[in-house]
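Trainee: So you can see what is in the structure, the chains are spelled out below.
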Amino acid sequence: MNTIGGLVAGLIVIGAGLGLGKIGGSAMDAIARQPEAAGKIQTAMIIIAALLEGVAFAALFAG
Amino acid sequence: MAKTAFSKIVFIVLFVSLPLLGFAYSGEVKDAVQHEQADELTSKQKIKKFIEHHLKDSHDFNFITEKTGEDSHGEAQYKHYGFSLPIILWDNGVKVFMSSKFHHGETLAELNGAFYKLYHGIIYKTDAQGTISYDDHDHPTNDRPLDMSITKNVTMMLFTLALMFVLFGGLARGYKKGPIPTGAGRVLEPLVLYVRDEIAIPNIGKKKYKRFMPFLLSVFFFIWILNLLGLTPLGVNVTGNIAITACLALFTFLVTQFSGNKAYWKHIFWMPDVPVLMKIALIPVELLGILTKPFALMIRLYANISAGHIVVMSLLALIYSFKSWVAGPSFFFLTFFISIIEILVAFLQAFIFTMLSSLFIGSAVADHDDH
Chain H
1 MNTIGGLVAG
11 LIVIGAGLGL
21 GKIGGSAMDA
31 IARQPEAAGK
41 IQTAMIIIAA
51 LLEGVAFAAL
61 FAG
Chain Y
1 MAKTAFSKIV
11 FIVLFVSLPL
21 LGFAYSGEVK
31 DAVQHEQADE
41 LTSKQKIKKF
51 IEHHLKDSHD
61 FNFITEKTGE
71 DSHGEAQYKH
81 YGFSLPIILW
91 DNGVKVFMSS
101 KFHHGETLAE
111 LNGAFYKLYH
121 GIIYKTDAQG
131 TISYDDHDHP
141 TNDRPLDMSI
151 TKNVTMMLFT
161 LALMFVLFGG
171 LARGYKKGPI
181 PTGAGRVLEP
191 LVLYVRDEIA
201 IPNIGKKKYK
211 RFMPFLLSVF
221 FFIWILNLLG
231 LTPLGVNVTG
241 NIAITACLAL
251 FTFLVTQFSG
261 NKAYWKHIFW
271 MPDVPVLMKI
281 ALIPVELLGI
291 LTKPFALMIR
301 LYANISAGHI
311 VVMSLLALIY
321 SFKSWVAGPS
331 FFFLTFFISI
341 IEILVAFLQA
351 FIFTMLSSLF
361 IGSAVADHDD
371 H
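Protein sequences appear in the order of chains H and Y.
Count the first sequence with my numbering and you get residues 1 to 63, in order.
Count the second sequence with my numbering and you get residues 1 to 371, in order.
FYI, nobody ran anything at the bench for these hints, they're computed from the structure.
Computed from a prediction, not measured in an experiment: that's the story for all the values here.
A hint or two may mislead.
[What the hints assert, rightly or not] Subject to a maximum C-alpha distance of 27 Å in a straight line, what follows is the list of computed DSS-like cross-link-like pairs (lysine-lysine):
#1 H:Lys40 with Y:Lys208
#2 H:Lys40 with H:Lys22
#3 Y:Lys210 with H:Lys40
#4 Y:Lys279 with H:Lys40
#5 Y:Lys293 with H:Lys40
#6 H:Lys22 with Y:Lys293
#7 Y:Lys279 with Y:Lys293
#8 Y:Lys266 with Y:Lys206
#9 Y:Lys279 with Y:Lys207
#10 H:Lys40 with Y:Lys207
Produce the entire structure from the sequences given, and follow the hints as far as they go.
Mentor: Written out as structure tokens, the structure reads:
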């Protein structure tokens, strides 16, 4: 991988990391507010995280 | 029973398509031709080559390669521990022989006057001297017979299928004796119930989930077992192979499309409750959406498992790069830690694949009476 490719990969990882952090943080807030709905929130969180991951990987392959 | 018939069809289709996957991948491998000898490479290049080799499929099952010494010409001699696999070629008729004929790519395989050479994981037809001719871009121009060999990946898939037949056959037979499963079934029953209660029912709905349970369970356990096998020292990378994930995603695609009801197709070709111009504009978008969903499934599983393998092997390789007393133990523990995470990822990816499959199927079979 050349220098530009490495930089692009770094940018993608920054973006994906921010996104995952936002999803995880929001899920934690939601679980703290409604602990009884923890299971449903976790499932939704994992789905959104997987979708984000898919986009990030697609970008990594393109870049 | 419709349920058992459906499960049989899924199994038969999976079974029949397995050997096709192996050769599909071996045909796609990008051939970065390197003319240098392995001895002239730096340790960094050697590591890169080793990792690339691990991620690829291969024609024999090789566990350990040991350098035994050098021959009189100064060329390194290697001893391979493992077993050979059958090679099946279509070259004016089916040709079957064992991969031991290649001696790990060192010699030509001769069969009824035709010569075959294993070159960078791809089988080429050559003359008696094993000449490989190149075009301007250093790609070999020799004829390639259609390769339908039982490769390493295909072997592992057949092994997984046999394992699943034994485990779940035993579980099913156990229910004839009583409601409580015995042996391995005690582990499998909660997992089956988990797939049913947490994945199938919430996404597809209580009325319709039963038809899709065989497919979802097959996919879930197939991916999970193969992910876990990839973490063992067998050195296989089956779910990190894009041809195999593509085939799995294709199954989800076909099941979704063929079970789609009237409302599903209406939402694609003539979206209700929007202006006419918008209806027309939405058709290409929706059609693209049908294709991107399985495409994302394919990329996600392939990229996750490949990335995991690359990370584990790169961290291990750092020990050989640094060659110090501090780096050895610390990278060992780092690799160990990542491997533990990979066990979680193995389950998570199987879960995600099944989850999203059931989500897509659920959207295709849902009743839209409510609006």
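Trainee: Would you mind marking each hint as holding or not holding in the structure?
Mentor: We went through each hint and held it up to the structure:
Between H:Lys40 and Y:Lys208 the alpha-carbon distance is near 21 Å, which keeps this suggested pair within the 27 Å criterion. A threshold of 27 Å between alpha carbons decides the hint, and for H:Lys40 with H:Lys22 the separation of about 18 Å falls inside it, so the pair holds. At most 27 Å may separate the alpha-carbon atoms for a hinted pair to count; Y:Lys210 and H:Lys40 meet this at roughly 22 Å. For the suggested pair Y:Lys279 and H:Lys40, the alpha carbons sit about 33 Å apart, so the restraint of at most 27 Å is broken.
Among the hinted pairs, Y:Lys293 with H:Lys40 is consistent with the structure: their alpha-carbon atoms are about 22 Å apart, no more than 27 Å. For the suggested pair H:Lys22 and Y:Lys293, the alpha carbons sit about 23 Å apart, so the restraint of at most 27 Å is met. Of the supplied pair hints, the one linking Y:Lys279 and Y:Lys293 holds, its CA atoms being roughly 21 Å apart against a limit of 27 Å. Under the criterion of a C-alpha separation no larger than 27 Å, the hint pairing Y:Lys266 with Y:Lys206 is consistent with the structure, at around 23 Å.
For the suggested pair Y:Lys279 and Y:Lys207, the alpha carbons sit about 30 Å apart, so the restraint of at most 27 Å is broken. For the given pair, H:Lys40 sits about 20 Å from Y:Lys207 by alpha-carbon distance, which is consistent with the 27 Å threshold.
Comparing the model with each numbered hint stated earlier shows that hints 4, 9 do not hold.
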